[in-house]
Amino acid sequence: MSPFTQRVLEIIQEIPEGQVMTYGQIAGLAGSPRGARQVVRILHSSSGKYGLPWHRVVNARGEIAIRQEESRMLQMLYLRDEGVEVADNGQLDLDRWRFIPHGE
DNA sequence: AAGGTGACTGATG
DNA sequence: GCATCAGCCACCT
1 MSPFTQRVLE IIQEIPEGQV MTYGQIAGLA GSPRGARQVV RILHSSSGKY
51 GLPWHRVVNA RGEIAIRQEE SRMLQMLYLR DEGVEVADNG QLDLDRWRFI
101 PHGE
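Note that this note's numbering has the first sequence beginning at 1, numbered continuously upward.
Any given hint might turn out to be false.
Simulated restraints on C-beta separations [said to hold, decoys possible]:
| no. | residue 1 | residue 2 | range |
| --- | --- | --- | --- |
| 1 | Gln13 | Ala65 | 15 to 21 Å |
| 2 | Pro3 | Arg80 | 33 to 39 Å |
| 3 | Arg67 | Pro3 | 27 to 33 Å |
| 4 | Pro16 | Leu77 | 14 to 20 Å |
| 5 | Pro16 | Asn59 | 16 to 22 Å |
| 6 | Tyr78 | His102 | 23 to 29 Å |
| 7 | Ile100 | Gln6 | 19 to 25 Å |
Bear in mind the hints are in silico, worked out from the structure with no lab data behind them.
Built from N, CA and C at the ideal position, the CB exists for glycine as well.
Whole structure, please, built from the sequences with the hints as guidance.
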């Protein structure tokens, strides 16, 4: 497992309940500012495997990025259950719910 | 081996 | 806000 992947997994694990991070944000913190797609792949391949809070990751526009309808709904349910306000179209307010480590 | 793909992003018109 | 374009990069055909 690459250091980058390692970092990504750690970072995602550290997202507090009721908050979210974006793919690009995670990639940047993990040392690869343009590696958003890698973050996607890591989530896609090993979200269940490592018991990651994959549902706390959204795209840069603050919306649920999942294409598949089922998983999409599931993510929305999880977030709402944690207190995050998500619109029916999967939109949420990043300024309000984004997690920023160490007060960056 | 070459080309397509996507749970992405930022810039521009 | 919407549409396009161009970077991006590991994986799958």
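Do the hints match the structure? See the list:
no.	hint	in the structure
1	Gln13 to Ala65: 15 to 21 Å	holds, 20 Å
2	Pro3 to Arg80: 33 to 39 Å	holds, 34 Å
3	Arg67 to Pro3: 27 to 33 Å	holds, 29 Å
4	Pro16 to Leu77: 14 to 20 Å	holds, 18 Å
5	Pro16 to Asn59: 16 to 22 Å	holds, 19 Å
6	Tyr78 to His102: 23 to 29 Å	holds, 25 Å
7	Ile100 to Gln6: 19 to 25 Å	holds, 21 Å
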